[in-house]
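These are the residues of each chain, in order.
There are 4 protein chains.
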Amino acid sequence: MSNKSKIKVGVVGATGYTGVELLRILVKHPHVTIQAVTSRAEAGLSIATLFPSLRGLIDLKFEDPKAANLKNCDLVFFATPNGIAMQEVPALLKAGVKVIDLAADFRLKDANVWEKWYNMPHSCSDLLKEAVYGLPEMNREKIKKASLVANPGCYPTAIQLGFIPLIESGVIDLDDLIADAKSGVSGAGRKAEVHALMAEASDNFKAYGVEGHRHLPEITQGLSTVANQAVHLTFVPHLTPMIRGIHATLYATLTKKTDIQALFESRYKNESFVDVMPKGSHPETRSVRGSNQCRISIHQPQGSHKVVILSVIDNLVKGAAGQAVQNMNLMFDFPEISGLDLVPLMP
Amino acid sequence: MSNKSKIKVGVVGATGYTGVELLRILVKHPHVTIQAVTSRAEAGLSIATLFPSLRGLIDLKFEDPKAANLKNCDLVFFATPNGIAMQEVPALLKAGVKVIDLAADFRLKDANVWEKWYNMPHSCSDLLKEAVYGLPEMNREKIKKASLVANPGCYPTAIQLGFIPLIESGVIDLDDLIADAKSGVSGAGRKAEVHALMAEASDNFKAYGVEGHRHLPEITQGLSTVANQAVHLTFVPHLTPMIRGIHATLYATLTKKTDIQALFESRYKNESFVDVMPKGSHPETRSVRGSNQCRISIHQPQGSHKVVILSVIDNLVKGAAGQAVQNMNLMFDFPEISGLDLVPLMP
Amino acid sequence: MSNKSKIKVGVVGATGYTGVELLRILVKHPHVTIQAVTSRAEAGLSIATLFPSLRGLIDLKFEDPKAANLKNCDLVFFATPNGIAMQEVPALLKAGVKVIDLAADFRLKDANVWEKWYNMPHSCSDLLKEAVYGLPEMNREKIKKASLVANPGCYPTAIQLGFIPLIESGVIDLDDLIADAKSGVSGAGRKAEVHALMAEASDNFKAYGVEGHRHLPEITQGLSTVANQAVHLTFVPHLTPMIRGIHATLYATLTKKTDIQALFESRYKNESFVDVMPKGSHPETRSVRGSNQCRISIHQPQGSHKVVILSVIDNLVKGAAGQAVQNMNLMFDFPEISGLDLVPLMP
Amino acid sequence: MSNKSKIKVGVVGATGYTGVELLRILVKHPHVTIQAVTSRAEAGLSIATLFPSLRGLIDLKFEDPKAANLKNCDLVFFATPNGIAMQEVPALLKAGVKVIDLAADFRLKDANVWEKWYNMPHSCSDLLKEAVYGLPEMNREKIKKASLVANPGCYPTAIQLGFIPLIESGVIDLDDLIADAKSGVSGAGRKAEVHALMAEASDNFKAYGVEGHRHLPEITQGLSTVANQAVHLTFVPHLTPMIRGIHATLYATLTKKTDIQALFESRYKNESFVDVMPKGSHPETRSVRGSNQCRISIHQPQGSHKVVILSVIDNLVKGAAGQAVQNMNLMFDFPEISGLDLVPLMP
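Chains as they are written, first to last, in the UniProt record's numbering: chain A, 1 to 347; chain B, 1 to 347; chain C, 1 to 347; chain D, 1 to 347.
Simulated from the structure, these hints should not be mistaken for laboratory data.
Certain hints may be false.
In this list, chains with the same sequence are indistinguishable; a pair is considered to hold if it fits within one copy or across any two.
Simulated crosslink set (DSSO-like; lysine-lysine; CA at most 30 Å straight-line) [stated by the list, open to error]:
1. Lys6 to Lys279
2. Lys257 to Lys129
3. Lys279 to Lys116
4. Lys269 to Lys144
5. Lys116 to Lys8
6. Lys28 to Lys71
7. Lys6 to Lys28
The task is simple: from the sequences and hints, build the whole structure.
Have a look at this one:
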């Protein structure tokens, strides 16, 4: 394929797990040339030195974000901590560069809510309206036309994909949603913190943030939009001693007798990255390890009015970098699965 | 301490994890002499050869269950698969030997329910009435007088201890209980099965048995007894990539405004093995690793009507062998904590 | 690509880890059509039911090996336990089908040695001479012309690639080689065995087979051939609590002052799948996870006469299925890297 | 037991893993009252808040080291980073307080060597001569009379215990010792560092420090003292994805025909904490998890002149806190096993 048919992309903040995962996917993407990869902390270092898994696959060095010619890119991904992208995005958009932000800066529509949960002022709240929430199964047509995409959080991806068919079809009590979600440790990022040490996090299981996790307003915003009314969600995240993967166990109360299996199969039958499993299945996180799939199964234990939805993704792929590439494919009219034919690694 | 003040105990089926965990505790118990340890498969083998962790601590060999003089014991523990104890217990009881069954044979009061869930006929259903369900925090006085104790399952221990104060005080909706529970892999036992291989179970997370797990009728029986009416529970167990530990995340709907923290602290203030943690805590399974503690914390996310209880135990200790020793201590009028001053192993 | 340019392959015994790993690679191989996948135990079952990671990627069912039309294939892979391939291979070769055996049946040239180490009679020892040992970096030209390739073991791959440059150049004492090797648990296969349970193998480390492991004669045969004289190797394998990966730490005594770094770089400069890392590197197993790479680094601690070689592979890829595909590519004159452009999964 | 028969101990720097492990052991030690526990970073915090595993077992708060009345103690343990103890020890010794340093400050006899490997000036090199190296199996009588004990490193403990009988009996080539050692991640301490994150260290294996690790001069000093001549050791440490445990695989060349099994059994027959396993054994790290045991097995693969010694310890117990308590017991004439009757946690 000639370089003419390729777009030039930049990755800002590529030393974290979502950044290096983007690189893992982009180095094999048929329509992409990686133009610039930045890192304040590692500027000047060869990427393959920091990440030997990429030896022979990428020859670039990390550049200082100030020095990198990001405006020369067709698309820039931000894989930065929250609060960085919002500083840089306006200038890029003005220069005609499209942006996908993998952090949270543009995920919430209400700047006040954002500032409360993220505990900092929002520097470009006017862009919140323009930003498109990048969950393709919800917003595909808007994403195609977007210049600025807010890539969803990992929990919100797994949880919304599990609730959407139930909410769209109006068969559950919207005041009583529960999401008991379990994440692998890579969800905490590549930050030096004691609680994430292997000696602390392995052979251990715990909940965290039960009083309130930043993904809660993101999920309720999405589900309320689908429902066209407010929903009430109890969301309890847990840390699981594995590297990758999210398993969301969702509980809802049925208000109408429904063939839920058929409902899900119909809703997702044209989706490349949502796999509704046969009745009785229990999706495992490893069945999506390294891939962009979300696998879902539906249960009604003992035929009760409670429906239990199990939804698994790889938090770094469908929950971050893979979904970002899916959004890129939509924004540039590439086949939606380009670069995403990733076979899960099992065992 | 002279041997006169000690009782003689036998352990039937000691090659599984609950069996070897019993031995770990019993070799240091001040009031116990281990008299006989049986195993059909390993009869004749030195225990310390199979379990080198016990080298220097126990000199016995596994005996064939037929050959072992169990009737000479004061107490026999059954750490056997379901369906074995019920064959052997009547003769032991008749011989004046007390019995604690760590399997499920005597946990359910209704033989029909038992036979449905365990898929075999019950050979001594008349003993079901006599058997005392060995959850000391619920049945202490009965246990003291019991000859036959049915040691609770691991999930039921963690879940019932988390729900009991709420049910006793009548402050929740009994039709809408949810227990989302996560277990380490030792809960599956020391059986050669592909799904429990490290290459299958590590770096992976999944639910199982969502349609119905054998611990469900045990839990609902216990909670219904406490409630003095039927309760409805949705119970979803999950397999977690760690060796030991259960983390139960419990959801209930409050029907009365209550100081739940105070409620729990009051209910458990005299219990040696239930630790109500301060508000805002998130108990970790490793904080009880190797010990007989159950740690509980209470949450009301965003002040909603949903109460979230987090309850952790070591499935092999408070969820099996430790609780069995606690029951033994009650049955023989030893201090309840004898042999159970086990400091959790952290990290 | 039209089907005309593709070969038809069969996989015999595809329920083990090397089998499913072959499928993971082959479903994306541009020159291959998977014709038949067999399993005695799972005949009739859809492959994607047993391995949900392959849902949407393969539509076949496991066939009974007797029923499968393997003679219609261009190439058959045996991913069977030792002793199976030797029963089936002669008929396939006679029918003009090429064969790659991932088990040990054809790895040793001397049938007596084989029978001693594998503890069974060899049923077609006449083929041992014809079989080509499938380590491309050693035998590339022979493999290209081979009808029957004996795919190397996982330890032998990592260890031989680490010793070959030293032996070829005659700079070490051949009487004093040490290979201290560490393998992930998938190396033990997908067999239901107690010692491989997660509760047994995780959070644990041990040596095994110190008195003699079946890979020892395979390694010494290979190294002696390279040396053109007998070599003496002490080989100690260890089980490591991770799923994939082999890390071989090799010790040799230098007999001539040599620039070993340059020696290795020169020896492997044209190899696609051997990466000689910069001086001072410590290759990690995860840096090759899921890929066909072998990464090697060279050390001379404190400038002593001892050279320490560190060599890592993914035991299921370069140590099994990936190397088998590399051999297939050579046998059918496909580009050697076809289907093997696998980016390591990190983290 | 009355407080009169107890000594008062302090623990300086108790927020690391060796510190909290000391507390785990000391809270149950029959002859000890924990008087003061210090931490600069956590001064004022309740110990049980930071380490919930100790809830109900210790009521103290971390004190600022400046404020703590350590001179009132009979013994002070330093569980601090290297370079701290040497600042504080002289004043304590002058005040009549005995000291056990779990860091490296007093392990090497030669201040120049120390300063080279630890890369800082030594502030009280005159104490290096007085300090006793606290490996009881080597220096028991000296330890009994010591005021200042340098507690050995974890690798040095496992490695020296494995080599000592061979060296003492003069049966091996002292110019060709190899120690290939594998450590769990707790050996890296409770420090926030990216390389020790679970997402980095789990499901991964690597060597590190091959060019030179600080434990090398400590081991060679010890072994040379035993040998009464210089020894040459190649030492390669590796990081293993488990929490606790060291497995040392030792290689030596026999120069005399010897019954090595008998040699080891005889050397250690009176040692409470060294277990020479039967011939053919492969000690597992989990067989000593949480205990003060060192388990050793001896191999001569294929009857060659190479002897392979396998030696396992729990790095936090026999490799740190347990050995420190063993030294304390010797210094205060308590039974050597007081407080150390710790049964390994398995599984």
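For which of the previously enumerated hints does the structure constitute a violation, in increasing order of number? As far as the earlier hints go, 1, 2 and 5 are violated by this structure, in ascending order.
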